Structure formats: C-alpha cells, structure tokens
Amino acid sequence: MSPPASRENRVPTSRSLVLAFLGAPTLWALHLALSYFLVSLGCGTGWDGAKPAVIVATILCAVAAMAIGLFAWKQRKPARRGNAEAELDPGPVSEFLAISGAVLAVLFTGAIIMAGISPFFLPLCSPS
Amino acid sequence: MSATVAPAEPAPETLEEFKKTWSSSAGFIGMLREVNNIPIAKRYMLTGFAFFALGGVLALLMRIQLGSPENTFLDAETYNQLFTMHGTTMMFLFVIPFIEALANYMLPLLLGTRDLPFPRMTAFSYWTFLFGGIFLYSSFLFGAAPDGGWFAYVPLTNLEFSPGINMDFWDIGLSVAEIAALGAAAEMIVAILRMRAAGMKLNRMPLFAWAMLVTAVMIIFAFTPLIVGTAMLELDRKGLTAFFKPESGGKPLLWQHIFWVFGHPEVYIMFIPAAGIVSHIVQTFSQRPIVSYTLMVLSIVATGFISFGLWVHHMFTTGLSSVALGFFTAASMAIAIPNGVQVFGWIATLWSGRPVWRTPLLFVLGFLVLFTIGGLTGVMVGSVPFDWQAHDSYFLVAHFHYVLIGGVVFPLFAGLYYWLPKVTGRLLDERLGRWNFWVMFVFFNVAFFPMHVSGLLGMPRRVYTYPAGIGLDTLNLISTIGAFGFAVGIGLFVLNVIWSRKRGREAESNPWGSDSLEWSETSPPPDAQFVRIPVVRSRLPLWEQQDLLPHEPTLVRQMEDLNARPARWRGALVVSTLDATPMAIAHVPTSTIAPFTMAVAFLAIFAGALVDEVLMLAFGGALTAVALFLWFRPQSSETLALRELGGRGPGADPLQLAVGGPIANGWWAMLVFLSVLATALVTTIASFFYISEGPAVAARLPRSILEPGLSVLLSLLAIAAADWAVRRVGRGAAAPKVGLAATWLLSAAALALSIATFPWATLDPKRDAYASAVVAMVGFQWIVLIILLVTTAIGLLWAIGAPRDPRGHTVAHNVRLMAAFTGLSAAVVFAVVYVSPGL
Numbered sequence: 002m003s004p005p006a007s008r009e010n011r012v013p014t015s016r017s018l019v020l021a022f023l024g025a026p027t028l029w030a031l032h033l034a035l036s037y038f039l040v041s042l043g044c045g046t047g048w049d050g051a052k053p054a055v056i057v058a059t060i061l062c063a064v065a066a067m068a069i070g071l072f073a074w075k076q077r078k079p080a081r082r083g084n085a086e087a088e089l090d091p092g093p094v095s096e097f098l099a100i101s102g103a104v105l106a107v108l109f110t111g112a113i114i115m116a117g118i119s120p121f122f123l124p125l126c127s128p129s
Numbered sequence: 018m019s020a021t022v023a024p025a026e027p028a029p030e031t032l033e034e035f036k037k038t039w040s041s042s043a044g045f046i047g048m049l050r051e052v053n054n055i056p057i058a059k060r061y062m063l064t065g066f067a068f069f070a071l072g073g074v075l076a077l078l079m080r081i082q083l084g085s086p087e088n089t090f091l092d093a094e095t096y097n098q099l100f101t102m103h104g105t106t107m108m109f110l111f112v113i114p115f116i117e118a119l120a121n122y123m124l125p126l127l128l129g130t131r132d133l134p135f136p137r138m139t140a141f142s143y144w145t146f147l148f149g150g151i152f153l154y155s156s157f158l159f160g161a162a163p164d165g166g167w168f169a170y171v172p173l174t175n176l177e178f179s180p181g182i183n184m185d186f187w188d189i190g191l192s193v194a195e196i197a198a199l200g201a202a203a204e205m206i207v208a209i210l211r212m213r214a215a216g217m218k219l220n221r222m223p224l225f226a227w228a229m230l231v232t233a234v235m236i237i238f239a240f241t242p243l244i245v246g247t248a249m250l251e252l253d254r255k256g257l258t259a260f261f262k263p264e265s266g267g268k269p270l271l272w273q274h275i276f277w278v279f280g281h282p283e284v285y286i287m288f289i290p291a292a293g294i295v296s297h298i299v300q301t302f303s304q305r306p307i308v309s310y311t312l313m314v315l316s317i318v319a320t321g322f323i324s325f326g327l328w329v330h331h332m333f334t335t336g337l338s339s340v341a342l343g344f345f346t347a348a349s350m351a352i353a354i355p356n357g358v359q360v361f362g363w364i365a366t367l368w369s370g371r372p373v374w375r376t377p378l379l380f381v382l383g384f385l386v387l388f389t390i391g392g393l394t395g396v397m398v399g400s401v402p403f404d405w406q407a408h409d410s411y412f413l414v415a416h417f418h419y420v421l422i423g424g425v426v427f428p429l430f431a432g433l434y435y436w437l438p439k440v441t442g443r444l445l446d447e448r449l450g451r452w453n454f455w456v457m458f459v460f461f462n463v464a465f466f467p468m469h470v471s472g473l474l475g476m477p478r479r480v481y482t483y484p485a486g487i488g489l490d491t492l493n494l495i496s497t498i499g500a501f502g503f504a505v506g507i508g509l510f511v512l513n514v515i516w517s518r519k520r521g522r523e524a525e526s527n528p529w530g531s532d533s534l535e536w537s538e539t540s541p542p543p544d545a546q547f548v549r550i551p552v553v554r555s556r557l558p559l560w561e562q563q564d565l566l567p568h569e570p571t572l573v574r575q576m577e578d579l580n581a582r583p584a585r586w587r588g589a590l591v592v593s594t595l596d597a598t599p600m601a602i603a604h605v606p607t608s609t610i611a612p613f614t615m616a617v618a619f620l621a622i623f624a625g626a627l628v629d630e631v632l633m634l635a636f637g638g639a640l641t642a643v644a645l646f647l648w649f650r651p652q653s654s655e656t657l658a659l660r661e662l663g664g665r666g667p668g669a670d671p672l673q674l675a676v677g678g679p680i681a682n683g684w685w686a687m688l689v690f691l692s693v694l695a696t697a698l699v700t701t702i703a704s705f706f707y708i709s710e711g712p713a714v715a716a717r718l719p720r721s722i723l724e725p726g727l728s729v730l731l732s733l734l735a736i737a738a739a740d741w742a743v744r745r746v747g748r749g750a751a752a753p754k755v756g757l758a759a760t761w762l763l764s765a766a767a768l769a770l771s772i773a774t775f776p777w778a779t780l781d782p783k784r785d786a787y788a789s790a791v792v793a794m795v796g797f798q799w800i801v802l803i804i805l806l807v808t809t810a811i812g813l814l815w816a817i818g819a820p821r822d823p824r825g826h827t828v829a830h831n832v833r834l835m836a837a838f839t840g841l842s843a844a845v846v847f848a849v850v851y852v853s854p855g856l
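Taken in sequence, the protein lines are chains A and B. Per our numbering, the first sequence runs over residues 2 to 129. Per our numbering, the second sequence runs over residues 18 to 856.
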C-alpha cells in the first residue's frame, strides 16, 4: 500500500477543480434567483420576513463564495518547469482552473454583495 | 527533452484510401446526404449571409419610409411586418446561424480534429435552419408576415389582438430555427470538450474555442426557455391553454420574463464569439501573444454567467418592485467589469505589440470604438431612472445597433477577412477591403448616431411615421442616408469576395503568420483534414513549437495509429476533458439522407401545426419515424470500426474505440440533452409558480395524492432497474435484458398511471391559466417518460439482438442517464404540482 500523499503533493480532483472554477458564479446565480423569489414572495403574500431573508441569503452566499475562492486558491499547484518542452507550457491545467476560480470568486462575491445591498436602501415592495 | 521521432509516411495506398473515406459526396443526392463539416458550414454561411441581405433590404425599406415625415411609402401594417421580420431575421436567421456556421468550419481546424463529433447533427441543423427560414419568409407570400415585433409581446400577440396566422408563422418558424441552434450547440460542446488535439489542455485552448464553448452552453440554457415560451404562446393561440390570458388568470408579464431570459443572454451569445474572433485577430496582427490569456478566458466565462442575470433590465418600466430592479441593475453594472477587462486586454496587446494595420485589424478597431460607445449607452440604460426616460425610444435603437453591429457584425467582417482566405484559398483584396471598412464605419455612424438624439427628443420606436416640424425630419433623413451608405459598404464586401474568388492572390497555408492550428492546413483545407493529428505543447503552437509531432514514446505510438488511419472509416481522436490526454478513437458517421429526411419531417409537422392539417402532421410523424430508423440503424462503417478496433481493451495504448459508455461521444451528447430537458423543467416550474401567485388553488386538485405518488415511485424504481441493467452490461448474461425490460415496464406503468389518474374533469386549461400550468408540468413529465420509453426500447433491442455489441452498451448507459433524470423530474413535478399548493 502506497503512503498517503502529503497535502502539498495531493493532485486536485476534477470535481474539486470544477467546484473551484464554477462554484462562485453558480452561487451568484442562485443568490439572484433566490433573492428575486423572496422579494416576489414577500410582496405577493405580505410576508414580513422577506427583507431579512434576502439579507441572510446575501451574507450566506457571499461567505460561501469567498470560501470557494479560498478553496480554489489552495487547489493551485506550482507549475512544473525545468525542461525545454515545459518552457512553452502555460502550466498545469489544475493551476489555471484554481487561480481562475479564485479570481472569479472575488468578482462574484462582489456581484452578490452589490445585488444584496438593495434592500438596505430601497423599500421592498414599492412599485417602480 | 526527448528527441523528435519523425513518423513514417503513410503508404500511398493507405493515404489514398483515407482521403477517399473522408471525401465529400458528389451530385444532387450527394448534396442532400452530405454530412462533412466543411461543405455544410459553407452552405450555412452562404444561407446566413443571404438572410442578412434580406434583413438588410427590410431595414432599407423602413428607412425609406422614415426618411421624410408623414411618408406614405409604407402603410402601418406593412411597417409592422418589416420591423418584426428585420429583427427576427437578424437575430435568428443571420447572427446565430452565421456564428455557428463559422464555428462548424473553424472549430475542427482550430482544435486539430478531423470533424465535429456528430456530423449528422451538423447537417440536420443546417437543413432545419434553412427550412425554418424559408418557412418564416413564406409568410410574405400569403400576406401574413409576422407583425408583433421580434419580441412578440402578449397580449398584443394573443389571438384576440393578432387574429391572423402572422404570429403563428413567427412562433413555429422560430421553433424550427431554435432546434437547429440547440443541435449545433450540443455538437460544439462535445467537440470542444472531447475532440481536441493531443496535448491541447484547457489552458492551451484557442480563445475562439473558449468563446464557442461558453456560447454553446449559453445557447442550451437560453434557447430552451424560448422554446418552452413559444410553445406556450402557440398553445394559447390555438385556444388550448391560457398561460398569458389575463381574463383567465394568465400573466402577460410571464411572457416578458421568459422572452428576456432568452433575449438578454442572446446579446452575449452573439457578442462572445465575436470577442473570440477579435482576440485571434488582435494577437495575430499585433505579432505577440494576447495580454493575459487567463483574464480573457475568465472574462468570457464571467460574461456568460452574468448575462443570465440581466433580463429584467428590459422590464424596468413594467412596475416591478424597486428592490427587484436593484438586483438587476447591480448585475447590469457588474457585467461591465469582464467586458472592460477584455477591451483593455485587446488595447494592451495592440499597445505592446507591433500592429500591422490590415483590413481585419481595421474592422477590429472599428469594433473597439463602436462597441465601447454601445457599452457606455448600455450602462446608461442599465440605470433605472435613465431607462424610464429612454425606454422604447430611438435612443434604444441606437444603443443596441451600436452593440450588435459594432460589437458583432464588425468582428464578423473582421473574421471573414481573416479566415476567408483559409476557406476559399484566395486572399481578399486589401484596397477594396479598406474601402469596405471605412464606408461601413462612417455610414454606420451617420445612420445610427443621430438616433441617440432623435430618441432623446422623444421619437418612439416602432412608429411607421412622425409629424413634420417637431425636430425629427433632418435627423431621420441623415439616418436614412447613412443606412444606404452602410448598405453600399456591405455591397463592397460582396464585390470583394466575388472579385477575389477569380482574381485574388492565392493564399498560402498561413498567410498572416498566425499562431493557431487552422493555419497548419492548406488553404482551403482538404476534406480529409489532419491526416496526421497534431500534438500541442504550447498555447501558440505555430509560433512556439518547432513541429506538431509527438515526442514521448507512448504518444508517438498513439499518433502513429492515427497517421492517415483509420483508412476505411472515419475516425477521430478523443481526449480527456482537462488535459487532452489521448483516450480513444471515435467513429465519425458518414453521409446519410437521415438528417435531410428528419428536417423535412419537422417542416411537415410545423406546417401542419400552422394550418391545423392533421394529414400533414401524420405525414410528418411517419417521416420522423423513418428518419429515426435511418439515423439510428448501425452504419456499415461503424461495424467496420468495431471489427478493426473492437478487440482492444480499455486503456490508451493502443487507443480503444470510443464506444460502450462514458467514453462514447453519444454519452456526452445525452448529458447535453438532459441539460436541455432540465432547463425546460425549470422554465415550466418557474411559470407554474408565477401563474400560481394569488388566490388559493389547491382546492382544484384531487385530495388524494396516492396515484400520482405511486407513479413517481414507479419512475424511481425505473432508475434502480436501469442502473442494475448497466452494471451487468457486457457480461453476456440475461440480466441487462431483464433490467432494461423492467425499466421499460416500470416507466410505461408510471406513464399510464399518471395519464389515467390525471384530474381531467376538475381542470380546464382552456379557460384557466392555473390549469394550463398544471398541464404543462404534468405534460412535460409525460414527454420525458415517452423519450425514456423510446430510448429503453432501442437499448432493449440491442440487448436482445447483440448483447455483446458495445454500441448497445452505449445505449444502455444513456438509458440509465435518462431514467435518472426521469425519476428525479417525476419527484420534482409531483412536489410542485401536488404538494406545494397545500403548503
């Protein structure tokens, strides 16, 4: 039985890379859909909890997106260099996806917060 | 570094046989049977361009009418038809099909593969698009062209206010074109993920391929809601349902939501490929790698995502709550970030490179200027207060033409000047090209810039005339002059193409000294492209690699296996998704009449639906069955492939045949198809909840949920049966047969039970929107069950007739996927329809 790989040498799985790359954008989409649904529900039924629910959803989604960003950052591995062939290489695809995921997480965390602050400034149900 | 091993040249007879295998079909019947990507893509482009010209003529007629106040050149009804068909043509019959055509041609070359994975789908998409376009335009012959706008807002387009068949033409014709787009998208997704050159990892992939991957995924998620929406609208118009009829509890705004969930991503579905083209041209003509490849990819991905969160900014004036508008304003602002990153990336590349100002780069420069202007006015109308003032005015017309012509048509022309030498083997004339660019650029601004002003002065969209002396006369005259000047610019392009075909300088393989793989093939490329599959070790293979040959021993052996081989059947390399490690050889289907037959069948069905002609519908149905048989019967070349490679076990050395399960491209296509179904399900659920808002409706459903619950249970058991069957597949035992038979029986029982116990008496979908929503949900489930039954029946036939044949194993794996989706969707539909009203 081979010894377990150390944390540094562990190769990220495809699943974790997909999560790292697409996790934050997906959370943003979920946040938008959920917030819009909660506002519609609140305004349609008179439910008072809609505004706090949107705020809670925003906090949860933003924190989760940041966590995914951190997770993505930890998935990156240093590029292998050292021979002429590798000089041309932009690096392992895992590193590319991990760094990309981290950058996307920053962008989409910002987008979640941008959308989620509306209830602080605007009345929930006044028609435009 | 390993030494390069020069591969042996293939034997002349092998090479000859290889070329013969890949050659295009000859003659008229051959044309109908053709499936090769190159001839199909050329037809696609020509047809798309012909529709572009038609749409342009419609625009010129409108501009003549608006050139002077109180003009009587056109009457109001004709004007309505023209602006509806102009928008519809440009959106559905030109830009999207043209981009897909360009991708059909260029993607295999860019990716270093021999063809797209599903050539029959390529052909089917083309024929369906052609027939859909002809169907739409045939409405002019009957004096019944669509006249409700390209967005077809209800209640204007309900039967009550649009009583003719005009909008039926739109509804049905559009559905045909949408099916073509979905087919092409599925094809591109699988091609990009599975059929790249060896070593072309995701982070070495050309930016146009990234752009097309994101675009294709967006098409799946954006076009499907529109298909559902147009089906709902058509059912309303046929008097069968009441989704959008306010008097029956229907919601007209639901249509706007569905339409713009499609409509706004559609803008980016057009823009993202254009951005991909721009990246290639900027890189080539700046003679340096694009600045920050990673950020460019991220921008494409981020734009694709955010574009789905903007749809409500088309509905700022519909009375939605302020907070809801705030969400979408935020997204509208956020999308400026990735787009801005791309624009700065291109500028930085040009700035730090040594730009060569040839015609393609001129068009890119025009794009940068015009798209930036369109983007800035986009940020303006993304702001709610400004939008309230400018909504439905000519300011909007100016804005979206700057975005669409500036942001899409200019890059497309740049792409044509860049890639047409590869397609035709002739360079376009440079001087004529420069004239072409400057005439288009100048007159575009002459035509559309004044519309900002006329819009702010209060000129509304979609009016066929305006009174004299209110400050609009001169502005409109200038716009009309500009429109004709712009048309002259397009004419110069056509002239250039015709002239260059005869007298243009012959294009060498890489006339621009570019970096990507398409330029490694001759101009034009042969039918049998990539006799030797290239090996990629760099993001810029033609700039940085000394050769495209394999170096590692395993790769040398694998590529040798594909050196002018397989010779007697069409084979292409299948690679792993992330790292592009060679995994298998896929059989690529050859010419067949099935796609054409299927497209004709669809046309018959849609024409029958238009005129309510049962015989035509029946004919279409029968022809569909014939086409399905022709499509799915085993091809002799596939049998040959199995005979040659079927003995190879799993593993990559030597490469196995890509058949038998998740290794098969068909399995991946099933995943895409399930994504389409899932999107349709989500659209239907959202519509259900949107319509269900308001008075309690639970009372109208039967109290007992036992029967529908039992139907769900049967569907869930079918998942277990299909899974059981697949786990035993290939072992030669009777188990797969039993498992698949059980799947079929359980699904059939679920369908029968659901239909038999449906509360027909208590629900009247014709007069009740809620009942329509219930029928839509349950009807969706029935359709899914029928698809599962057909798929399982095919799998069962394979299991009985050829239990060891891996083609049957692929079907069994697909049955498992389909059964899993069916079971889960049954549970969701049950929860939504029968449980949620009681909560």
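Hints may be right or wrong, so weigh each one.
Stated by the list, open to error - Here are the computed distance ranges between Cβ atoms for each label pair:
id, chain 1, residue 1, chain 2, residue 2, range
1, A, 46, B, 487, 17 to 25 angstroms
2, A, 42, B, 158, 43 to 51 angstroms
3, A, 42, B, 670, 53 to 61 angstroms
4, A, 46, B, 478, 50 to 58 angstroms
Note that these hints are calculated values from the structure, not bench results. Predicted model, so just to flag it, every value in this text is computed and none were measured. Each residue gets a CB set at the ideal place from its N, CA and C atoms; glycine is no exception.
Going back to the hint list, which numbers does this structure go against?
-> 1 and 4
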